[in-house]
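Colleague: For reference, the chains in residue letters:
Protein chains: 4
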Amino acid sequence: METTAASATAKAENLRSPRVAVAGVSGYAGGELARLLLRHPGMKDAAPLFLGRAGESASDAATTIEALHPHLAGISQQGNASHAVRSFNWDRLAGSGIEILFMATPHEQSREWAPEAIARGIRVIDLSGAWRLDEDANRAIYKLHDADPALAAKLQAEAVYGCPELHRDAIRTARLIANPGCYSTSMILALAPLTRAGVVDLDRGIVCDAKSGVSGAGKAPTSKTHFMYAADNLSAYAVFNHRHTGELLEQLHLTSDQIVFTPHLLPIPRGIMATIYLKLKQKTTAAQVGELFANFYKGSPMVRLHPTPELPQIQHVVRTNFCDLGFVLAEDGHRLVIVSCLDNLLKGAAGQAVQNMNVMCGFKEEEGLL
Amino acid sequence: METTAASATAKAENLRSPRVAVAGVSGYAGGELARLLLRHPGMKDAAPLFLGRAGESASDAATTIEALHPHLAGISQQGNASHAVRSFNWDRLAGSGIEILFMATPHEQSREWAPEAIARGIRVIDLSGAWRLDEDANRAIYKLHDADPALAAKLQAEAVYGCPELHRDAIRTARLIANPGCYSTSMILALAPLTRAGVVDLDRGIVCDAKSGVSGAGKAPTSKTHFMYAADNLSAYAVFNHRHTGELLEQLHLTSDQIVFTPHLLPIPRGIMATIYLKLKQKTTAAQVGELFANFYKGSPMVRLHPTPELPQIQHVVRTNFCDLGFVLAEDGHRLVIVSCLDNLLKGAAGQAVQNMNVMCGFKEEEGLL
Amino acid sequence: METTAASATAKAENLRSPRVAVAGVSGYAGGELARLLLRHPGMKDAAPLFLGRAGESASDAATTIEALHPHLAGISQQGNASHAVRSFNWDRLAGSGIEILFMATPHEQSREWAPEAIARGIRVIDLSGAWRLDEDANRAIYKLHDADPALAAKLQAEAVYGCPELHRDAIRTARLIANPGCYSTSMILALAPLTRAGVVDLDRGIVCDAKSGVSGAGKAPTSKTHFMYAADNLSAYAVFNHRHTGELLEQLHLTSDQIVFTPHLLPIPRGIMATIYLKLKQKTTAAQVGELFANFYKGSPMVRLHPTPELPQIQHVVRTNFCDLGFVLAEDGHRLVIVSCLDNLLKGAAGQAVQNMNVMCGFKEEEGLL
Amino acid sequence: METTAASATAKAENLRSPRVAVAGVSGYAGGELARLLLRHPGMKDAAPLFLGRAGESASDAATTIEALHPHLAGISQQGNASHAVRSFNWDRLAGSGIEILFMATPHEQSREWAPEAIARGIRVIDLSGAWRLDEDANRAIYKLHDADPALAAKLQAEAVYGCPELHRDAIRTARLIANPGCYSTSMILALAPLTRAGVVDLDRGIVCDAKSGVSGAGKAPTSKTHFMYAADNLSAYAVFNHRHTGELLEQLHLTSDQIVFTPHLLPIPRGIMATIYLKLKQKTTAAQVGELFANFYKGSPMVRLHPTPELPQIQHVVRTNFCDLGFVLAEDGHRLVIVSCLDNLLKGAAGQAVQNMNVMCGFKEEEGLL
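Taken in order, these protein sequences are the chains called A, B, C and D.
Under this note's numbering, the first residue of the first sequence is numbered 37, with each subsequent residue one higher.
Under this note's numbering, the first residue of the second sequence is numbered 37, with each subsequent residue one higher.
Under this note's numbering, the first residue of the third sequence is numbered 37, with each subsequent residue one higher.
Under this note's numbering, the first residue of the fourth sequence is numbered 37, with each subsequent residue one higher.
Treat the hints with caution; some may be incorrect.
Pairs count within a copy or across copies, as identical chains cannot be separated in the list.
Said to hold, decoys possible - No more than 16 Å apart at the CA atoms, straight line, and that leaves these computed lysine to aspartate or glutamate pairs for EDC-like:
1. Lys260 / Glu402
2. Lys334 / Asp205
3. Lys317 / Asp170
4. Lys319 / Asp368
5. Lys317 / Glu144
6. Lys319 / Asp237
7. Lys260 / Glu346
8. Lys255 / Glu286
9. Lys319 / Asp293
The hints are simulated quantities; they were obtained by calculation from the structure and are not laboratory data.
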């Protein structure tokens, strides 16, 4: 699929380190971004600039990474000093010569700041849903209110859906990356090799039964993230109306009656599994299915394929940036079950964002992610 | 569906206590049977007889319920004495005047002992898969070897599938109850109201994505039941070939291409959720779907229906004998997602077995189960 | 210890059912009270009156037990009707002829309502810390502000610490029961047989390392009850200053330098274990220690003693009202480790409250608790 | 304490990569060793040699790291090839020019192989208990049977207890490293700064209440590592007789009546917390205690100190090689509670082993461990 990562990074040896900032470091994805970037070989010369997000009080913002995320103490490449977290401020970004801005911020915030950043010549990798969908779908689902709708629409059209396995070439030169949703990534990577090959019986419909760990629900304490609610439990939610459905439809070129996706809340901290059911149009062998996946992901170091009938498990991918895929084909040669696993905070958020940065900067795609 | 529990137990006030025995009390289902029967109002006069299972050494069998299951100490209705567990022995059963035998034993054992018990006039409630399926299916799936194949076939034909919500009348007088599988119960109760009404588009196929707690995997320590394997994990298994599929096909009158069922291992001790996807033939309203369920389960005290779009969760049913059902219908009036939850050791095993005993003996169906 | 439960309930056969109300049913302890009372044999004639707590909006209060606690649906002894939860109101209590009021309310609320209830002739079982300590200690620890300090002081002096194993006789006739803290119960029951016998070397000091499941932290979603904080974690808190320490000092007649107690938050829903370290004054045998415990808890059906060196585990007691005790004595005959386990919501809260009601009403002490 | 890591590695820039082998890669510690070494900057030129352990069948041994530990697929620094696991064989070690041998093997195996390895000029880092204690204690606790007792005794005397924070200088030149136990490490690092300073009132006794995740119990499926036993539970074990006690006594120069240590099994995969209670001889300020720790751990990058009264939690250290320490001093200036946390598979096993290798080879002490 497209240029492989290997060829793209042949000349990457003497790359200059980019100056990067992270807005919204207090959340889970922000914390993972901090962890990855603090240890990223490309950041050896200068640590990232860590920023709060609007809505946090000044006192919240004036803290350190180590105070927000105690497990990160002592891991810096820049000596033992702790890393300040400052309030978000355009002068601060300009003064630091920031070239790439990661936004782990609510979508309203991303929608407000990204145009400004791009106007200032800063490339943006946005982890929210603000720029992932077509203008219309996005507006319907996320109820966006832009200061300059025309500019927003233009940027929306320009934004690249940050799934390197699908859009590697466009990512290289993109100014605005819409980092995919966690559920979406797990399902799109499982289905794209088949839907793009046109082998799926879409009349029959695709069923995606997806399960996510609690970190996917965010850091805010709510009745749903209470330990007593989540532990020893399983619950389905947002049946027929989860926001990530829009990404499936657009990236896989499906209509809403061709796919159903039900998310569930798992009693584990992190990890997503999607179990996907579909019917192949033609009678097919398992070897043929395996080949479709292998060809599609040649040159994609962050997708691991399991030989059928072995299936990936959430444990295999937790705290990695891999998406693991496996499948079982029924004896009839038609009915197929695919299992896709990833870590929702890494390949489903912060890890994929760093992978996008790697592609944008010409680093090895897996740099700092193994 | 059939006679209601209420009318059947109108005259149950002065029922005689049956003399019951439990074979195989060392496992999880056996432990739950012991717990339920030790506190069952119908067992006030005489505690059940607790027996090991063949294959256990004599020393294993000569123990107490409290030694096997420390949490059961001190709950007896018959004073503070501990309850002996004895080795299985026909003379012992005869000497105790046993009328009903619960078998929480491996299916080979059940297949061997049930004919003998019935020949001795003892009614059997078997929790294994030994008698659940048609002779041919059973033989193919469970690889049975009977001493007297003709007798076994006769009993097989006579055995009643112990799902009171479907076969209440037959259970009343049955000599041999095949207590349903845990996964099967969750899916059959979710689907029977619809398949029996003929409203499901079977050409489209039914997808059942089911998830179970670890107790469903049994008490034997294996690499799959190791805490390090199960915790913080989710894994799919037995894709397209789980034994319980046979029960779905027979009880719902489906062919194997009309339904697919994938079990997953959840990182929780107990509980099953099945998320079920199907298409209704005709455009339907949620109210109509709700009515189908309500009518079907009128008089069934152990099924609780959630008003759409509320969905049951595993926490709601753990340590109860309820099966909770809920559903969401898509806006198109065709696509339906049903969520079914139960406790695999109770409604999925020991609780349902006691429910069957209640029906057989004329107790209130929910007696000792709330 | 005092009169045994057995003799006390000899004449309990024809007891009249008391009319009871529960204030504060929305929390975890309130939910457990509802569950226990809905199935209590003494409540067969009339279900308890369920009330919200002040501070809840009217709309919160006008709900049902089943809406607050979905797992309780369908368990009523009074038919299938759901149970209304009403806002707290003195006329409502009077109109229902309430004789006993359980208060699962914050201590400020309990401090305000208990005097009024007692003035109206209603006996109170209060689950908060409002009345557990001496006037001075209570005031220092809970920062109480009473409308009528003199009356409050009088009631404080009259209040009985609701640990039936220690104060059974006083509980029978008490107007105001201060139901003990969960941690306190686990440690007091482990230590009282030894401190009362005067065998502990108090100069050496007693160390209590206690661990509790997350339900002990309450239902309010906070950063500490977030699944991501509690899961896969263990944290110590309130070192040298947990409120329950006061109960230890008063009930065991110790000074604050003679005992240290450190609570920890366990990644489990419920259950407490206290591991207790002390030195015996005299060289002692394990049999002698066992005898001290056995004599002390003769006639106490809710304490289970493990034969040394077997130790209780949290699993043994979860969802029971038992306190399980075990110990190991060092070879030197002096150093002793005691392990005490209970369910913080049952023997540590709602179960003990019902046990107190049983004693107050002349029911069997374990009635409705097995 | 001793030479600091910083000065020792000043000239470490152009270090030659050592050739290393790992025996016993199938277990949890072995898997972590493989993960750390596959990504270690010092192993860029040549991957480690992975070996099974005796007692594994030939077929077990002839596998790959990725088959044993699926989460490790794709992380190699040496391209995408999988890494073979071969059976243990001296010719194979010689042929590969192995200089350092990690042994994640049972202590009997370590006791047999280490002398041979050293005779062949291979330095050994042994993760078992085989060489940790004085000859006599070791023999009493581990019931060792040596082929050549005199040689074994000589090596025993020479073996260095592999705690770099205590024995950094000796580790640099050691031929045989006895990598410390997981519990021991957590307690020794918490206590050494105080016992070596002579400030602890040893007559009063030290109480160590320690809790470990299930990986500490090993990979073999047993009734104790079954998910149903460990989950939602807490259990104490080996009271007064855990093997690691010997390490405490020797490293801290204590007698057995001066310290008691009780281990507990936590329902989490990994992590240890030790809560430690002691009395200081002299009235002391918290600042003074903090200074003792700070001075002791100057130059030790893998120990992180929390400012009092903040305490470390298990989550802070899981999947890191840090030991985190915190304390609270009572108002009396005497009674002290210390909390020590580490990851039992990293700082408690594989991570500390790599840390030892770093010291032995002149790498930065934290190389490959952040």
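Colleague: Please flag the earlier hints that this structure goes against, numbers listed from lowest up.
Modeller: 1, 3, 5, 8
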